[in-house]
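> Spelled out from the first residue to the last, the chains are:
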Amino acid sequence: MTSTESTDVLIVGSGFGGAIAAYHLAAGGAKVVVLERGPWLEGKDFEHDFLLGSSYTRIFDFVVGDGMSLLGGNCVGGGSVVYFAAMPRAPRFVFERKGGIGRRMWPGAISRDTLDPWYDKVSEALPVTKQDWNDVSYAGGLFAAACNHAGRTANPVPVAIDKALCTNCNWMMAGCRFDAKRSLLLNYLPAAVANGAQIRPMHEVQKLVRTEDGGYRVSYNVIHDVDYRVAVDSGQIDAKIVILAAGAGATPVILQRSADTLGEMPDAVGKYFSGNGERLNTAVIDEDKARDLLGLSREDGLSYAANQIGKGPVVASWDDLDGSLPEHSRFSLEQLYFPPGFGTILAQVPDATGPTWFGTEKKELVEQWQSWLTIFSMTEDDNEGVFGTPPPTGNAYRISQQMLGRGPITYRPTANTLFGWEQSDAEVKRIMEKDGLSKVMPWTNDVVGAYTVHPLASCRIGDDPATSALDDRHELRGHPGIFVTDGSAVPGALTVNPALTIAALAERAMPGIVQALRERGVDVTYGAPSPDGETNGRKGVAAQVRSLARD
Amino acid sequence: MLPDNHTMTLEAFADTIVPGEKRSPDDRAIAGAAAGDGAVVAGAVALLLTPAAGVAEGLESLMNMLDNHAREYARERGVELDGSVPPFVSLPFEDRTNLVARLVAPGHPEKDGWVALALFSNMAFDTGAHMPTHEAIAAGHPGLTAMKFANPDADGLWRFPAYSYRRQLSALHPHTTPSGSPE
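Heads up: the sequence lines are chains A and B, in that order.
Counting in the working numbering, the first sequence runs from 1 upward without gaps.
Counting in the working numbering, the second sequence runs from 1 upward without gaps.
Note that these hints are calculated values from the structure, not bench results.
On a predicted model such as this, the values are computed, not experimentally measured, just so you know.
Take the hints with a grain of salt, since some may be wrong.
[Unchecked claim] Below, simulated DSS-like cross-link-like pairs (lysine-lysine); rule was C-alpha separation at most 30 angstroms, straight line:
| # | chain 1 | residue 1 | chain 2 | residue 2 |
| --- | --- | --- | --- | --- |
| 1 | A | Lys439 | A | Lys207 |
| 2 | A | Lys289 | B | Lys111 |
| 3 | A | Lys130 | A | Lys539 |
| 4 | B | Lys148 | B | Lys22 |
| 5 | A | Lys98 | A | Lys429 |
| 6 | B | Lys22 | A | Lys271 |
| 7 | A | Lys434 | A | Lys289 |
| 8 | A | Lys163 | B | Lys111 |
| 9 | A | Lys207 | A | Lys130 |
| 10 | A | Lys44 | A | Lys98 |
| 11 | B | Lys148 | A | Lys44 |
| 12 | A | Lys207 | A | Lys31 |
| 13 | A | Lys31 | A | Lys289 |
| 14 | A | Lys289 | A | Lys98 |
| 15 | B | Lys111 | B | Lys22 |
| 16 | A | Lys434 | B | Lys111 |
| 17 | A | Lys207 | A | Lys44 |
| 18 | B | Lys22 | A | Lys207 |
| 19 | B | Lys148 | A | Lys429 |
[To be verified] Output of the computed footprint for chain B on chain A, the stretches with three or more beta carbons under 8 angstroms from beta carbons of chain B:
| # | region |
| --- | --- |
| 20 | 298 to 310 |
| 21 | 451 to 458 |
[As the list claims (entries may be wrong)] Covered stretches of chain A (in silico footprint by chain B; criterion: 3 or more residues with CB under 8 angstroms from a CB of chain B, positions within the stretch not fixed):
| # | region |
| --- | --- |
| 22 | 10 to 22 |
| 23 | 51 to 59 |
| 24 | 83 to 91 |
| 25 | 154 to 165 |
| 26 | 318 to 328 |
| 27 | 401 to 413 |
| 28 | 506 to 512 |
Where a beta carbon is used, it is the ideal one built from N, C-alpha and C, also for glycine.
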C-alpha cells in the first residue's frame with residue numbers, strides 16, 4: 001500500500017498569486033507546498049543569451065492560440081521573473097467597468113479606495129518605487145518628448161527595480177542577472193521558504209479530485225529539465241485547501257480538465273478571458289527629427305539610436321485614462337522594449353508595397369532596429385476569450401522543447417475591442433508621426449492573432465454567479481476550499497500593467513483563506529509583516545481584515 | 001540532416017522570409033533579392049534542425065508540401081519550372097513571396113506549420129538562436145550585425161552606463177497620485 005503525501009495548503013504556481021499565498025500561510029503556521037511547472041533559477045543563472053535552451057527559453061512561455069497568443073512566466077517566481085516590473089495602480093474608473101455584462105464587473109467590495117491599502121502593502125514588500133527623469137532611458141525620454149510635442153503629458157512609471165543595481169541591459173525577459181529587478185525571488189519566496197514552505201520546481205499540476213474528507217487530491221507530472229514535452233515522473237498530494245495560481249492561461253485549463261472528477265464548474269471558468277486590451281506599435285524614428293524637433297542629444301552625440309538600451313517601459317502617457325469617457329475609449333500608452341525575435345517578427349513595414357511582416361522591405365526595417373521605439377497600448381477589451389477542450393497535459397501542446405506551444409484559447413475581438421485598438425493606434429500615430437518624427441505601424445494580428453503579455457480574467461471574481469467563477473474572497477463557486485489568486489481572478493482589462501493589481505488582490509484574499517484553513521482545523525493565523533519585516537502595510541489593511549475573514 | 005533537395009527548399013523558404021545575397025553566382029536556393037546576408041547565412045536551417053526547436057521531424061513532409069504547393073502555383077500562374085532544382089526553388093523570388101503570403105495568411109489550413117517556419121527563420125536572423133549570442137556576435141552574425149546589436153562587456157554581459165537624457169521631457173499628468181500612479 002502506498003501512502004499519499006498530505007499538506008495543509010497546496011499552491012499551484014509561484015508567481016504573484018502563489019508566492020504571496022505561500023509566504024502568508026507558511027508564516028501563519030500552515031504546512032505549505034508549492035508546485036511550479038518551471039525551473040528554479042536565480043540571479044547568477046540568468047543569461048544574456050538568445051541561444052535556445054538558455055535561461056530565457058527555460059523561464060518563458062509562449063502559447064499560440066486561435067486569435068490570441070499569450071506570453072508568460074514558466075519558472076519559480078512566475079511572471080515577476082520575466083516581466084518588466086512596471087507597477088502602476090489601476091485607475092479609479094476601471095473598478096466601475098461594466099464590460100459586456102451590463103453591471104459592474106468588479107465585486108461591490110472592491111474599489112480603488114478599498115484596494116489602495118493592499119497596493120500599499122505590496123509596494124512596501126517588493127518594494128515599488130517612483131522613478132525620476134534621471135532614471136528614464138533614452139527610449140522613455142524620447143517617448144516623453146514626443147508626447148510633449150504632441151500636447152500630451154507623460155510620467156515616469158513606478159517600478160519594482162533597484163535603481164542602484166540596474167545596468168539598463170534590457171535583458172529583463174531573460175531574468176535579471178543583477179538582482180536589480182525586485183522579482184518574487186527576492187522577497188515573498190525566500191520569506192516563504194524561511195517559514196517552511198516547500199517549493200518544487202518542474203512539477204506541473206494536471207488535475208484535482210475531491211477527497212472523502214472534504215479536501216482535494218492534486219495530481220502532477222514532473223517535467224524533464226530540458227525537454228518540457230516529456231514527463232519523467234508523476235505523483236499526488238492531498239491538501240485541505242488548494243490555491244490555483246498557475247496564471248490566466250493555465251488555471252482555467254486545470255479546472256476544466258478536473259470537471260469530470262470535481263463536478264460541474266462555474267460557467268465563467270475558462271470564459272471572459274481578457275488580453276488586457278493590449279496592442280503594440282513600432283515607430284521608426286527619424287534621427288535628425290529627434291534632434292531638430294525634440295532637441296534630443298546623447299552624450300555621444302547621437303540623438304536616439306538607443307532601442308537596445310534601458311529597462312523595459314519607463315514612461316507612460318495617461319491623458320486618455322479619463323473616467324468621464326465611455327468604456328472602450330480609455331487607454332494608456334507606454335514606451336516599451338521587446339528583444340529581437342519576439343520584438344521584431346510582428347512589426348510591420350510602413351507604406352509597404354509587398355508583404356508587411358516578412359521579405360525585402362521588412363529586412364530593411366529590421367536594419368533600422370536601433371532607431372525603433374515600441375509603444376504599448378493597454379485598452380479596454382471585451383473579455384471575449386474562451387478556453388476550449390484542454391490539452392492532455394499542461395496548458396498547451398508543446399511544440400518546442402521549451403517556450404513554444406499551441407493552446408486551447410479562442411479570441412475573436414468584438415467591435416468594442418477593435419474600437420479601442422483603433423483609437424489607441426490613431427493616437428500613437430498622431431504622436432509619433434507629428435512633423436515627420438517617425439513612421440508608425442501596429443504589429444500584425446495576422447501571424448499569431450492578437451497577443452498579450454498580461455493574460456487576465458479567465459476565472460474571475462465578481463458578485464454575479466453567472467459571470468464570475470469566484471466570489472469576492474476568491475473561492476471557486478460550488479467548490480469550497482479551492483481558491484484562485486492569480487491574474488485569472490482579475491475581472492477585466494485594467495488599462496495599465498496589471499502586476500500590482502494581481503498582487504494586491506492576492507494579498508487581499510489572504511485573510512479569507514486563513515479563515516478557511518482555520519475552519520478545517522489548521523492552526524494558522526493571519527498578520528505576517530512584510531517579507532523584510534516592515535509593518536506599515538499591515539497597519540494599513542487592518543481595518544479590512546475582519547470583514548475579509550468572515551464566514 | 002535533410003536530403004539535399006529539401007535543404008534547398010527550406011533555404012529558399014527562409015530566404016523568402018529574410019532575403020539575402022547569393023553565396024555564389026550559381027546559388028539557386030537564395031534568390032539574391034536583398035543586399036547583405038539573410039536568414040540562410042544567419043543559420044535558419046541549423047536552427048530549424050536543432051532538437052530544441054522541435055520542428056525538425058516535420059520538415060521533410062513540410063518541404064514535400066511546399067514543393068507541391070509550388071507546382072500548383074506554377075500551373076495556375078503559368079510559371080515554367082526548371083526540373084534541375086525543387087519546384088519551390090525554381091520559382092522566381094516574387095512568386096516565392098506570393099506563395100508564402102498565401103500559406104501564412106489567416107484561414108489557410110496549414111497556416112500553423114508555415115508560421116512556425118517563418119518564426120524560426122526570422123529568429124535565426126534576429127537572434128542567431130542556434131548558437132551562443134556572444135559567439136554569434138564575435139563571428140559577425142549577419143542579423144545581429146545588421147541590427148547594430150551592441151557588443152557585450154568582456155564578461156559577456158551587457159551594461160549601458162550612459163542610458164538617459166537625464167532631464168524632464170514632458171509635464172506630468174496633473175492627476176498623478178503621491179505613489180506615482182494614475183488617479
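> Indicate, hint by hint, whether the structure satisfies it.
Here is how each hint holds up against the structure:
1. Lys439/A x Lys207/A: Not satisfied, since the Cα-Cα distance of roughly 49 angstroms exceeds 30 angstroms.
2. Lys289/A x Lys111/B: violated (40 angstroms)
3. Lys130/A x Lys539/A: The given pair, whose Cα atoms are some 22 angstroms apart, holds under the 30 angstroms limit.
4. Lys148/B x Lys22/B: Holds: Lys148/B and Lys22/B sit about 22 angstroms apart, inside 30 angstroms.
5. Lys98/A x Lys429/A: Judged against 30 angstroms, a Cα distance of about 29 angstroms means the pair holds.
6. Lys22/B x Lys271/A: With a Cα-Cα distance of about 50 angstroms, the restraint between Lys22/B and Lys271/A is violated, given a limit of 30 angstroms.
7. Lys434/A x Lys289/A: Distance of about 10 angstroms is within 30 angstroms: holds.
8. Lys163/A x Lys111/B: violated (44 angstroms)
9. Lys207/A x Lys130/A: violated (41 angstroms)
10. Lys44/A x Lys98/A: At roughly 45 angstroms apart (the allowed maximum being 30 angstroms), Lys98/A and Lys44/A break the hint.
11. Lys148/B x Lys44/A: This hinted pair holds, its Cα atoms lying about 27 angstroms apart.
12. Lys207/A x Lys31/A: holds (21 angstroms)
13. Lys31/A x Lys289/A: Violated, at roughly 61 angstroms.
14. Lys289/A x Lys98/A: violated (43 angstroms)
15. Lys111/B x Lys22/B: Distance of about 28 angstroms is within 30 angstroms: holds.
16. Lys434/A x Lys111/B: Status violated; Cα separation ~37 angstroms.
17. Lys207/A x Lys44/A: Status violated; Cα separation ~34 angstroms.
18. Lys22/B x Lys207/A: It is violated: about 53 angstroms lies between the C-alpha atoms, which goes past 30 angstroms.
19. Lys148/B x Lys429/A: Given that 30 angstroms is the threshold and the Cα spacing comes to 26 angstroms, the pair holds.
20. 298 to 310: holds (count 8)
21. 451 to 458: Our answer is that it is violated, as 0 residues pass the Cβ test (under 8 angstroms) against chain B, missing three.
22. 10 to 22: violated (count 0)
23. 51 to 59: holds (count 5)
24. 83 to 91: n = 3 at 8 angstroms, threshold three: holds.
25. 154 to 165: holds (count 5)
26. 318 to 328: Our answer is that it holds, as 3 residues pass the Cβ test (under 8 angstroms) against chain B, meeting three.
27. 401 to 413: It holds: at least three residues are needed, and the region 401 to 413 of chain A offers 4 whose Cβ sits within less than 8 angstroms of chain B.
28. 506 to 512: With 0 residues close enough to chain B, the hint is violated.
Hint compliance for this structure: hints 1, 2, 6, 8, 9, 10, 13, 14, 16, 17, 18, 21, 22 and 28 are broken, all remaining hints hold.
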